[in-house]
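*Asks:* Chains A and B, in that order, are what the protein sequence lines are. Be aware that the first sequence starts at 1, since it is given in this note's numbering, and climbs by one per residue. Be aware that the second sequence starts at 334, since it is given in this note's numbering, and climbs by one per residue.
Hints are computed from structural coordinates only; laboratory data are not their basis. Values in this document were obtained by computation on a predicted structure and should not be read as measured data. Ideal placement from N, C-alpha and C gives every residue a C-beta, glycine not left out. A couple of the hints might just be wrong.
Covered by chain A, per the in silico footprint, the following chain B stretches (three or more residues, Cβ under 8 angstroms) [said to hold, decoys possible]:
| id | stretch |
| --- | --- |
| 1 | 464-477 |
| 2 | 552-560 |
| 3 | 598-604 |
According to the in silico footprint, chain B covers these stretches of chain A (three or more CB under 8 angstroms from chain B) [unchecked claim]:
| id | stretch |
| --- | --- |
| 4 | 93-99 |
| 5 | 183-197 |
| 6 | 247-256 |
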Amino acid sequence: MQNILEVKDLKVSFHTYAGEVQAVRGVSFDLKEGEVLAIVGESGCGKSVTSQTIMRLIPSPPSVIKGGSILFGENKVDLLKLSSKEMESIRGSEIGMVFQDPMTSLNPTMTIGKQITEGLVKHQGLSKEKAQKQALELLTMVGIPRPQTRIKQYPHEFSGGMRQRVMIAIALACRPKLLIADEPTTALDVTIQAQILDLLKDLQEQTGSSIIMITHNLGVVAEIAQRVAVMYAGKIVEQGTVDDIFYRSQHPYTKGLLHSVLRLDDEEKGELVPIEGMPPDLLAPPEGCAFAARCPHALNICLKEDPQPQIVQGEHQAACWLLDERAQKTAVR
Amino acid sequence: MGRFILRRFIYMVITFWMIVTVTFVLMHNLPGDPFANSEKLTTQQRALLEKQYGLDQPLSVQYKNYLINVLQGDLGVSFAYPTTKVTDVIKRSFPASAELGIESIVFSVVIGLLLGITAALKHNKSWDYTAMFIAIVGISIPSFVLGPILQYFIGVKWGILPAALWDGPANRVLPALTLSFMTIALTARMMRTSMLDVIHSDYIKTARSKGLSQTSVIIKHTLRNAILPVITVLGPIAVNVITGTLVVEQIFAVPGLGKYFVQAVYSNDYTLIMGLTIFYSLLLMIVIFLTDIAYGFIDPRIRLAKGRK
Numbered sequence: 001m002q003n004i005l006e007v008k009d010l011k012v013s014f015h016t017y018a019g020e021v022q023a024v025r026g027v028s029f030d031l032k033e034g035e036v037l038a039i040v041g042e043s044g045c046g047k048s049v050t051s052q053t054i055m056r057l058i059p060s061p062p063s064v065i066k067g068g069s070i071l072f073g074e075n076k077v078d079l080l081k082l083s084s085k086e087m088e089s090i091r092g093s094e095i096g097m098v099f100q101d102p103m104t105s106l107n108p109t110m111t112i113g114k115q116i117t118e119g120l121v122k123h124q125g126l127s128k129e130k131a132q133k134q135a136l137e138l139l140t141m142v143g144i145p146r147p148q149t150r151i152k153q154y155p156h157e158f159s160g161g162m163r164q165r166v167m168i169a170i171a172l173a174c175r176p177k178l179l180i181a182d183e184p185t186t187a188l189d190v191t192i193q194a195q196i197l198d199l200l201k202d203l204q205e206q207t208g209s210s211i212i213m214i215t216h217n218l219g220v221v222a223e224i225a226q227r228v229a230v231m232y233a234g235k236i237v238e239q240g241t242v243d244d245i246f247y248r249s250q251h252p253y254t255k256g257l258l259h260s261v262l263r264l265d266d267e268e269k270g271e272l273v274p275i276e277g278m279p280p281d282l283l284a285p286p287e288g289c290a291f292a293a294r295c296p297h298a299l300n301i302c303l304k305e306d307p308q309p310q311i312v313q314g315e316h317q318a319a320c321w322l323l324d325e326r327a328q329k330t331a332v333r
Numbered sequence: 334m335g336r337f338i339l340r341r342f343i344y345m346v347i348t349f350w351m352i353v354t355v356t357f358v359l360m361h362n363l364p365g366d367p368f369a370n371s372e373k374l375t376t377q378q379r380a381l382l383e384k385q386y387g388l389d390q391p392l393s394v395q396y397k398n399y400l401i402n403v404l405q406g407d408l409g410v411s412f413a414y415p416t417t418k419v420t421d422v423i424k425r426s427f428p429a430s431a432e433l434g435i436e437s438i439v440f441s442v443v444i445g446l447l448l449g450i451t452a453a454l455k456h457n458k459s460w461d462y463t464a465m466f467i468a469i470v471g472i473s474i475p476s477f478v479l480g481p482i483l484q485y486f487i488g489v490k491w492g493i494l495p496a497a498l499w500d501g502p503a504n505r506v507l508p509a510l511t512l513s514f515m516t517i518a519l520t521a522r523m524m525r526t527s528m529l530d531v532i533h534s535d536y537i538k539t540a541r542s543k544g545l546s547q548t549s550v551i552i553k554h555t556l557r558n559a560i561l562p563v564i565t566v567l568g569p570i571a572v573n574v575i576t577g578t579l580v581v582e583q584i585f586a587v588p589g590l591g592k593y594f595v596q597a598v599y600s601n602d603y604t605l606i607m608g609l610t611i612f613y614s615l616l617l618m619i620v621i622f623l624t625d626i627a628y629g630f631i632d633p634r635i636r637l638a639k640g641r642k
């Protein structure tokens, strides 16, 4: 399978009055055609910034892309080098995006139909009637009943779950090769979350597009993703297949995340184990490993030098000094 | 939409009645006397005058008579100008005020919106600072300062435009400009804030994620949402400006309605006070009514929420 997206050493900072916040500090990952990659991490770890940088939707200023490249498509065009006009032709047609909060992500003074057809008219040059027809199909596809009536309605006449379906219809309108879903279920209640995830999974199977799923919910990851990248303090600390991450995780942060999730099949009915401490301040990121201050297994070297990603096996990588052969002898695990 | 309009109309009638009543009560509690040089009147003369104007009757009867007259469009005869009806005062002076007001409103809305939009689009750049500087100057310089400055330089010193009076189109420019300044400033500031709010909202991100160009994001998605709060404040401002402002009309010798508002209260001219208040509030209510309808057209949430119930 070919890579549809290669993000290499991406660095994004924000200029604030307090100084430069290094939100993304060298993120690299690949995405294959038809693959679902989940980017997981807690709030403020840089996962949304990464996804919005791929779309070049991040407001600049205050943000600055400090370095790296984002190669997209068969020709591996660097999205960061495109002019804003060229980027417009990729946004919506080749890459679609679903946002977190469906309550605020739709224009309140424009009908749903208009909001769906806009992209079609722009990218595929369809006439209004044809675009309208296609919008009806899209609404049916995302599971909105009575599309004929619904298409003329405004966002406030839809429930949260239905609005998120509309958002998905908008994102998929031009059949993009890549769909970025930025916490698409976070703002929804649990039963609706499951429906939206099922819908995304179905649509992914139907259309074969690749998906980057940004989430902090490990349940969502297990449900939909094939591969997972765990982000912490602006870096990917571990990535691999879902099984690698869930069953053979190497990085203490990943382990901590997994421990903090409620499990139904747990033998002992113990309490959840939180990860103690707070993520580092990205205004002045630590010299060594960003997780060292919270890590139960931290070594001396962890405080001094940042670990580089090491291949554990196949595609499974983790950036942790414990994986260094010199550290293996201490055998903490 | 029809029911929405009907309901609004009923509210309007109730409001109107309340305004008439409150003004009537307040006015009759004003200290002083409606008759000029009243201390020189003999008791007999006084009784005659009171009888002529119906002031000898109990307040409740006066109130009833007045309501009936108002409903028939009769606002009575002025006390201070005994030969003129209040409606005639309005008929004679309102056109000049209205014309001046409308010119200044059109002018200030166009300029104000442009300034506000530019400032928002060029947020934190020199355009923004320039526009907001103009706005602050506009808000802080009172018209009685700006008016004479314009008169002195443009009217007298350079002689480009007539400094005062109300003869031809050229006479309109300076007073309209003076009158606009404040509104330009207000509109520009409101539009800028509102635009910035909308630009940073999630749905604008959605619009951009569809690959729309910057221009269509602004025209199709931003403006419509951003103009709503501006419309709300613009209605009452418009009425204020249209009914004439004492200061600007006095400075530029415009034969408008503005001065009567003040004179009527000075001279306790009951009928004129009542008439002008009623006229002003009626205009205000009509404009707010129209604003509401316009609002409903622009924002579907309002239209449908009200229509459904």
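*Asks:* Enumerate the violated hints, using their earlier numbering and listing them in ascending order.
*Replies:* 1, 3, 5, 6
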